[in-house]
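Chains as they are written, first to last, in our numbering: chain A, 1 to 792; chain B, 1 to 348.
Simulated from the structure, these hints should not be mistaken for lab results. Some hints could be false.
Part of the chain B face toward chain A, derived, beta carbon under 7 Å [unchecked claim]: (1) L3; (2) A90; (3) A131; (4) R132; (5) L290; (6) G294; (7) G327.
Model, not experiment: these values are computed from the prediction. Think of the CB as a built atom: it goes at the ideal place given N, C-alpha and C, for glycine as much as any other residue.
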Amino acid sequence: MKREYVNIGGRLPRVDGMVKAAGEAMYTGDLSLPGMLHGKLLRSPHPHARLLKVDTAPALTLEGVRAVITGEDTLKFLAGGIASPGNEPYLAFEKVRFVGDAVAAVAAVDEETAERALALIDVEYELLDPVLDPFAAMAPGSPLVHDDAPGNISFETDLSFGNAQRAFATCDYVRYDEFKTAPIRHGFIEPHAALASWDTSGRLTFWGSKQSPYFTYRNMAKALDIPMSKVRIMQSYLGGGFGGKNEMFNLDFCAALLSMKTRRPVRIVVSQEEVLYAYRQRHPAWIKLQSGFMKDGTLVAVDAEIVAEGGAYKGIGALSLYLMCTFLALPYRVANLRAKGCRVYTNTQPSCAMRGHGVPQVRYAAEVQLDMAARELGLDPLEIRLKNAIQSGDTTGNGFEITSCGLSETLLEARGIVERWRGETPADSEPHLKRGIGVASYGYLSGPRMAGHNTSAALIKVHEDGRVGLVTGSTDCGQGSDTVLSQIAAEVLGIHLDDVQYGGMDSEIVPLDPGVFGSRVTFITGNAVKWAAEDVRAQLAGVAAGLLDAEPDDLEFRDRRVFVRDEPDRGLPFAKLVKSAQYSGTGMTILGRGYWAPEDIDLPRFDTGMGNQSGAYSFGTQVAEVEVDTETGRVKVLRLAVSHDCGQPINEMLVEGQLEGSSIGGIGHTFTETIQRRRGQTMNASFLEYRMPTALDACPVEVTHTDTVDEMGPFGAKESGEGVQVAVMPALVSAVHDAVGVWFKEVPITPEVVVEALGRGAEAAQNADARRGADARRDSRDDGRSRDGESA
Amino acid sequence: MTLPRFEYLAPASVEEACALADVDSAFLAGGTDLLVCMKQRLHAPLRVIGLAGIAELRGIARTDEDGLRVGAATTLTELADWASTHPEWASLSDAIRQTSSPLLRNAGTVGGNLCLDTRCTFYNQPPIFRARWGPCLKLGGGTCHAVRRSTSCHAVYSGDLAGPLIAWSATATIATAEGRRRKLAVNDLFTGEGIHPLGLGPDEILVEIEIPKPPPTTRFSYQKLRLRDTLDFPLAGVSLFAEVDTPEVDAPGADTPRPDTPGADASVVGARLHGARVVLNATGPAPLLLPEAGALLEGREVDEALAVELGELLQKSVKFAGNTAAGSTYRKAMIPVLARRALRDMCR
């Protein structure tokens, strides 16, 4: 049962809403310091080349240029790497590995001079054969992106439980399909930006655009070989991240090193074009998937082979691959699973985490195949999901312990939505417009256990006017976590959201935090905040107990007052209590601290995928309705619905914002977004030619919350916002199939692809109602194995 | 991205603007395309001459013949808003609103859109692209990156307004450096060359366009192919302007679509067209007025067969290079679809 809260669950406005709406919020690129220099990076125009010469002398002669650095000026620190050491230099030495790899950096009195200086740097390349396709990369004799990675293998995961191969023999129906997803962008609007200031005491102060400032903190110290205590990371407002701003990047390092060299502050803001061709992307994946079922739809076994294109460097790709494999075990019960993943180096932009982190790719494949199987077995897509839905109390074969789980409830909710939509949907208004509805479900984690530090922490300072300041190391990249964390503090202390001032990130005083990834902030940092607020409350309760002649445990904090439970008149205002504590006798300084991470969570086994990964898992079901123009191939998404189990929403409005944004993002992944490359060159490095849906392309999104409460989550809350992106693609693909009778096993489904597929399968296209005839085909597979003949 | 250094000039009259201009200058008439190209270093004019302050270039007025005179610096939003409140011009408004996004239509101007430079996947690129591939023909290099061994530039004229305005028989007034004015059909503004698509001297300014009042039975349709409903330049466009005879009887066979034609729509029946002007845009370096298409449609009653004929004729008139966001095969295949939809609009 849900409890009554004051600051939890409602639709409270964002704490950063006003300054952002007014344009007053300062992002890193807005900051400047007296005497500041401007930095720019010289990038390789070649996908794979040996550096023969980098002559910076001509650039240094240009008036206004203060410093030029190359790989030779660095300590050759190699960044990235989980499960094994990293291999990405911040400035290339010996080799460049993709178009956009940084070769040198300049600091000058203004941007224009810096840009002119770049043109004066003389670089000689020896061109090497680039490796541009992961399968070619794995072939014997292929050029190597990294000499120490034979076969261009970056990382491998082999997850196995039960015995999939043996289990297939017992299945009534087995199917095999091959799926492919495209590389896509995070699409944040604020480009990467860094401002670094080195002082004579040997201290570096750094402002960045960082989801996870402590990644930069550690790497900065290592890359510059200075003590961590000499690195101070400040975080300004963030203009979006979506997984693409976790790592420390070359511009961050170059700003710092240039500041060291020049003893002047240095700011580097890269262009959006550079973001698009020289920074990160989502792993494109090739997924071979075989699933076996009983006649009643019971999922018995899954076997997957996943090839993920990692691009030029390792980054955090081991985690990406691990997630791709492990999320074949969720959100359905399956006793036998084999998932072999291989991350492969190519001479393209490095792949990294992005909203949903690896999971959208594999779940697209798995959910679509589940739908295909359902239709072949004559089962309703919702029924087959209900049949297999994981339940509270289950443990997956690889060790995910499912505590709170509302998956079945979301499916039942979705059934109502589908029925209502079917009733509302008019007959196809024109012969060339075909409508269809699809569903898909998802599970996601609330903070992955990482190999290193995993604990979030919070500090609360109580001001004498009864307001409080709150800091954590978690950053708000637009998702609203500053608001959510402030709500949690306000709720515990019985004050109002207005009374909490969320402070910025400053590594000098803000406690260590792993960062913002894997949907961990509400769940993990939220618990730390709750604990810190409880610490404050306990200190104040001790004072109040004396003043009110009561036991601390009998005190209630509510509506800016502290009073004896059930005797509201026996109390005093919160502010007055604070003042009493601070002013009386020797006086107290009320500071609260809290730190939290789920206990008994296994360290991830990136190579085997075994172990419980998170303290809680979220669930949900996505419903999509589309209209396919069978003549032009354009697909219009008419509406989406999400039925979501995020436990207790801390802020319904923010949850809806997350679900809407994530859903619309999934539309882009499905239909319009892909990085187009020609011989390793990104050809669409602009938001004109890289087609994210705009506000004008968005559709209505219906959101319903299921009524679950997670025992471990703060006030019962768990993940929201990443997970939902997992199910958007398959729901849309299923809806397109419902409309035109074609399964698309490769995204994006561009108009060209649709027209070609409909042309090839004209017969199938005319039988859009074939879904109703699935019964007829159900028993026609006596060998129990089929390939889909009408797929694209 | 920074802009290259330039001097900004803000003349108060057309004559002054012409006098300031030369081969090293560029006119700024909204800037939604020019500034992006400058940031990408495709252009680096020494002087940028802003036209927004020239009163003569702004505004919409009636001509003596009840046509329309539109100042070149009128924003797309202004013209679309005006046209949408005047029934005989409303279909023009629909066409304008297919251009880019509301924000860019607020900044972009009629003249700016008409004088848009040609575009190409291999031309509209940041400098790093050229560092590897070298400059293309349009940038003075020796190689066309879009069509191997081509000696001519295949950049695509991608303005949305030219097709509709040519279909409406609009004329353009050009101010020359000598202080003279000349008028020509909008269709004659274009050279057909990818490198220099406009037949304007560097010191000549498009002052205004005149659109004759359409006959009362006119219908107009602009069919634009694009991948998103916002922002995107056309991948192909078909404009059809015609006088339409109201059919004597209600469309026959409305309930019997041909089963052998996927997506057959019975509403492509019943209208008889006269004086049709058909223009293709975004199919090559210039918009393409096709008199033979007008001749094909002259006096004919619209039906499926005519739609097929028109589609085939238009399709034969174009040769796509693979230098836009969608492939040539697809764009070519869509021409008959756009043609048919334009014809269907004639029958509504």
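Now the hints, each set against the structure:
With 7 Å as the threshold, the beta carbon of L3(B) stays out of range of chain A, its nearest partner Cβ sitting at about 9 Å, so the hint is violated. This hint is violated: A90(B) has a C-beta 21 Å from the nearest C-beta of chain A, more than the 7 Å allowed. Annotation: A131(B) was flagged as interfacial toward chain A, and the flag holds, the nearest CB pair being 4 Å apart, inside 7 Å. Contact between R132(B) and chain A, as hinted, is supported at the beta carbon level, the nearest pair being about 4 Å apart and thus within 7 Å.
Taking 7 Å as the C-beta cut-off, the interface hint given for L290(B) is violated, the closest approach to chain A being about 21 Å. Taking 7 Å as the C-beta contact cut-off toward chain A, the hint placing G294(B) at the interface is violated, the least distance being around 24 Å. The closest approach between the C-beta of G327(B) and any C-beta of chain A is roughly 6 Å, which is under the 7 Å cut-off, so the hint is satisfied.
Checked against the numbered hints given earlier, the structure breaks hints 1, 2, 5 and 6 and satisfies all the rest.
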